[in-house]
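With these hints in hand, go ahead and build the complete structure from the sequences.
First residue of the sequence shown: 1, per our numbering; consecutive thereafter.
Everything labelled a hint here was simulated from the structure, so no lab data went into it.
Each residue gets a CB set at the ideal place from its N, CA and C atoms; glycine is no exception.
A hint or two may mislead.
Said to hold, decoys possible - Derived DEER-like restraints, expressed as beta-carbon distance ranges:
| # | residue 1 | residue 2 | range |
| --- | --- | --- | --- |
| 1 | D66 | P9 | 35 to 43 angstroms |
| 2 | L38 | L64 | 34 to 42 angstroms |
| 3 | P3 | P31 | 39 to 47 angstroms |
| 4 | M4 | W48 | 38 to 46 angstroms |
| 5 | D66 | Q33 | 38 to 46 angstroms |
| 6 | N45 | R67 | 31 to 39 angstroms |
| 7 | A46 | I22 | 17 to 25 angstroms |
| 8 | P31 | Y75 | 36 to 44 angstroms |
| 9 | S16 | H42 | 33 to 41 angstroms |
| 10 | G29 | T62 | 15 to 23 angstroms |
| 11 | F65 | R26 | 25 to 33 angstroms |
| 12 | P2 | A46 | 23 to 31 angstroms |
| 13 | M4 | W54 | 13 to 21 angstroms |
| 14 | F65 | E28 | 38 to 46 angstroms |
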Amino acid sequence: MPPMGFLNPWIYTVGSHAFTDIIEARSEGCPGQSVEYLASPHIPNAGWSAVPGWDPVTGWGTPLFDRMLNLSLLY
1 MPPMGFLNPW
11 IYTVGSHAFT
21 DIIEARSEGC
31 PGQSVEYLAS
41 PHIPNAGWSA
51 VPGWDPVTGW
61 GTPLFDRMLN
71 LSLLY
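So this is what it looks like as structure tokens:
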């Protein structure tokens, strides 16, 4: 199988069919401390929740290799 190159357009075309959608997750942003334990701004309620389909927390979700492989053979 040849290299597929830039996959973003393809992933957005087949996204919901090739990934396990994660709908129960949340990210917390701007908690007042960086990962290096340095001071950073605290912004209450900053973050994102997972929703059906694409979201900024989990993207499309977890890839399902067998489905991605089968779909790649169609394009």
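Legend entry - Hints not upheld, ascending by number: 1, 4, 12, 14
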